[in-house]
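Engineer: Here are the chains, one letter per residue:
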Amino acid sequence: MAIDTTPGTTHPGGGTPTGAASGRAWWARPGMHTAIVGAVIGYAFGHFLGNWIAVPGPNSPATYQQIGTADANDFAIVLGYVFLVLGWLIGLGVFTDPVRLMRGRRLSDAENGNGNGKGGLARYFRFTLDHKVVGVQYLVGMLVYFCTAGLFAMAIRTELLSPTHHVFSSSTYLEIVGEHGVMMMMLMTSVILGPFGNYLVPLMIGSKRVAYPRLEALSFWLTIPAYLILLSGIPLGGFHTGWTMYAPLSVQDTSGMDAPLFAFGLMGISLVLAGFNILITVICYRAPGMRWSRIPMFVWGLLGTSVLMTLAAPILVGGMYMALTDRTIQTAYFVDQLGGSSYLYQDVFWFFGHPEVYILALPGFGIVLELLPVFTRKPLFAYKVAAAGMIGVTLLSFFVWQHHLFDSGINPDMRPLFMLTTELISIPTGFIFLVGMGTLWKAKIRFTVPMLFCLAFFWNFLIGGISGVFVSDVPADTTEHGSFFVMAHFHYTIMGGLIFAFMAGCYYWLPKMMGIRLNQTLGKWHFWLMFLGFNSTFMPLFAVGLLGQPRRVFEYQANLQTLNDWVSVSAFVLGFSILIFVFNFVWSTVVVRERETANPWNSRGLEWQVPSPPPAHNFERVPVVLSGPYEYGVKDSPPVADLSPPTGVLTAAFSGPDHLVRSEA
Amino acid sequence: MSLPVRVGTLLFAFLAVVGGAIFVVIHFLLSGPPTVDYSAGVTPDQGHVVNVVMQEDAQNTVSNHPDWVSYFIQDPKTKQWVHTTLFKVPAGSTVHMTIYGYDGCTPLRNPVWGKVSGTIGNVEYINGTPTPVLDSWDSCSVAHTFRIPGIGLNVPVASPTSLTANNNLCGTSPCDPNAAKGAATYGPHTTVTFSFKTPMTPGSYFWQCMVPCGLGYLDGFGGPMQTLGFMTGEMEVVG
Amino acid sequence: MAETTQVPQAGPGEPSHGRRIFLIAIVLGIVADLLLWFVLGPHLPPGTMTNSAAENQRAIKLMAVMSAPVVVLVVTYFVYAMVVWRHREGDDEDGPPIHGNTRIQTSWIVGTTVVVLGLAVYGTAALWTANGAGAGEGPAPIFNPPGAKLTVAQQKAPWSPGQVLVVQVIGQQWRFTYRYPQFGSFETTELVLPVGTEVQFDVTSLDVIHSFWAYQLGVKADANPGVDNVAYAKPAQTGTFTVRCAELCGLWHGAMFNYGQVVTVSQFQTWASAKTIALASITRILNKCMPYNTTYDPTNFPANCRGRVLLQLGLTGSGGGFYNTGDPVQP
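Same order as they appear, the protein sequences are chains A, B and C.
Residue 288 in numbering that gives the first Met the number 0 sits at position 289 of the first sequence; the count goes up by one each step and never skips.
Residue 132 in numbering that gives the first Met the number 0 sits at position 133 of the second sequence; the count goes up by one each step and never skips.
Residue 317 in numbering that gives the first Met the number 0 sits at position 318 of the third sequence; the count goes up by one each step and never skips.
Chain A with its partners taken away, still in its complex shape (with noise of 0.2 Å):
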């Protein structure tokens, strides 16, 4: 039974309710600290039991030759990382609860201390079953994985500065850059489900829950293992593939190679424990009338996330685990001379990869779509049709991925057929456009710090969907693919797609979150210097691209100095910004903490329904949903949804098949 229905149960995973808190100390419970601890030993009894395995000697039986001559033991490395991971989660007390079931015990909530609301500041280093602390965890989480992977990306462009003039070694400079891309890639895939997914999907649905927060909470636990072993990469030898890490580079590379084909596998966990989270909250807990086509727009968008999560990044894990191995011990998977190919690893990547692109431009697609309703007063146009997108790109995504392989050598057969897909999927990718547009038209435009960030979206994606099909065009890409053009192109369509919708979300729901606004001066700095700064960066290595500068050279032609060095400095203005946002964060929410209205911004979204931040449950009761979130603008519309229906009605509401909660509380 997804939900308990026993009368009186309304904490997740059943158990009494109870009041008081445990009364044992913040140290004496699972927590970071313990998780810290049980990760140590386990990375080091994991590194042990691959040396006692793998290193040839009188005790081992082992015939690992290579070990000797590379003086470096990837299997121990591996192995070191598999068993941290374990220890960090039984250190978390991830396991405690499935353990005490197993044995029959009942699960009481005053051990866990998974009360809602309850726990104080503690509650966040806990691995804890309440979506909000959950997405809390998240957000802060996401904004040290964006800054040092930022971080990185300010190291790249100062090694651009010169083509002759080198600050890091060449090998250093590869590692910075495989860094920069696989943080980024790894992690902003969760960048919106994460914080605002898990916080605000059950809020918008009118639920009190999410429908599985262990592995809601096991997916956020997962990232900073997933995070902190990439970053071991470095003082490893570092890695010199890319994000992409093509094999059979891969497997020659030195024993920094391990951390970030672990470290993706991972993170492909976590994204496949998220997305699944979501998807079942939104098919299985929504609110007695809230039908398909009232749901809000930024739901639909995590829909189409998740589902490309859970199908698409086991493949991903399968992908690092075949590298692994081919890594560790022996197997030839993509090694060509023992009858493997490197077509397979390029193949098995993206498959994973072009569905990656879309979770991570799906949820800046959904926020814009929620957010512009809001601050033009008027209903979100086209209802159905952008719904209709979102779907449309999720399904298309697995179609398109062999136009990244264009070049390779694949059938030249496929390839006709894979720019048509490719071309095909700018269609539904187009309605967010004429949804957006006819949002706008006749409206009346409130230029708010999250408004402006959701018009930027639109030229962004706009320069960034373009030039999306300057490279599915196969005659072009033998130009472009490769090139500073391809890198133009995504990261206008992923930072200025993406992140400017996350920075849209961040001003517009942390009021929610937190009950606390952010400055709107720094934040109309924060987005004037980002836009502008953006721009000057990624819009000149269109040109610097199609002029013949291949990616991730730490040389060029010298003819190219001006612009990369324009390119550069903008860069560090555009660090700046995020710069000013991370201090407006922080100063807003620790220092300053201004008490923000209930409502700031007067939107009809369900999750502004309830007091900021909202109580425990979310609700009192779970609402009857009256009517869509869009109905600005319409004469006598009724209210979103009635907070506290009568006994009994609910009864009466349950008539209709998609209705699906039977919850009496």
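Rather than coming from a laboratory, the hints here were simulated on the basis of the structure.
Just so you know, nobody snuck in bad clues.
One side only, chain C facing chain B, incomplete, derived with CB under 10 Å:
(1) Arg174
(2) Asn257
(3) Cys288
Glycine included, C-beta positions come from ideal geometry on N, C-alpha and C.
Fit chains B and C to the known structure of chain A by using the hints.
Structural biologist: Leaving out everything else, chains B and C in the frame of chain A:
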């Protein structure tokens, strides 16, 4: 928490983060092997001569990768062997290079690199004998190559004929070409000499080995082959 | 759900926003297109040195011209909206409750579909007419010029002007070398091509994935180990061109480049004969150990080549000792 406590924590966290980042940058990202300077005190006029001395060993006892093959460069002033592959030469000069080859042979993945090119006379002198081409497969005579693609220089470094396995017979490395038999730093070696001209324009020219000697790595091109200070490096031309 | 039109009638005196936007966009779009086609067009990368490059350039030009009006329209709309429909101080009313407009929605969907399908058809046609437009087609290319040489025997037959010239591009860490099978299979680091001749590039790799990107030739073909990736170009002008590696291949990927030349046919023949003589000694060794083939396996050179080379760890040392004897079992 009260306001001063919050501000204090924030400040502390900020300083920790900045400190950590600076540490990572300096310790991991900006560190690297030293550069041996053959251009110091040399006036960059035409036809000036510089003598560069290197050796390549099958193993080394000076790094945490003892089984990695490695080049060493001799410092011109102190005559000490430095574990690096980066060196500086003046522009527009003639470089007489001597390489002591201590390592055994491995065949080339592409036999075309057995041909000497880019040197004066297009030959190399192996123990004094001028040689234009080496067949690394037939006679297993090539240990490593010294190749600077940017100036078209390719020199296969011969391996001592008395070695039958890839083992460095020096007890410790870097080995000493002047050591007497029986000393710890003694080992059979070949002496390869050749000359080339450095270009007039200053710049950084990378050099690499073309022999797949990165044992334990796929195709023999990983590990030391892609790590500065072992089998690949940079020749910086200063003017 | 009010999907059908609910547009409130425009009040008296209210301008037709749609017409205004459309007019501005059309004018700007036409200006942009004219500039793109006539002023920028002839200078677009990668130039017209070969037929493949010209096709690349034509594709870029066409897409620029098709996308410029779209960009102009969307940007004009947004700017217009931000200027005309901004919130005025004191007006706290909501906007008009427009849920959709079937006519606009349908035209948009149909229009975008038509444009997109047209581009796909154009792209396919361009591949067909330009022999693949310089993109690597794998070992069994379908967009071939007449007289393409696709078997080793055909490729080793001597060349005469007017025939397809076969150049094998061998990628290895970190240099491209070029092998001319029609001239006795000599291998050199120089790339020289005759003008007016159809050139067939057979691109392969000896170790990891590289990518042969001859910029001014408009050719890009990935070099995969054990795979023969074929691409075509026909130079129409003499000159110098740049070759860069376009797929990250290790430490010195950024320095993996060289320059090539397109010269007249007689200059090319002179060069080729001179090279054949100059490289005779190494070519003899090459043909013994690495006889010309479309792909190579450097760990398994023929037995008559292997002289005094020891087999270590099951393979010759050129495998790097990464795999143990029999582990995995050799196919």
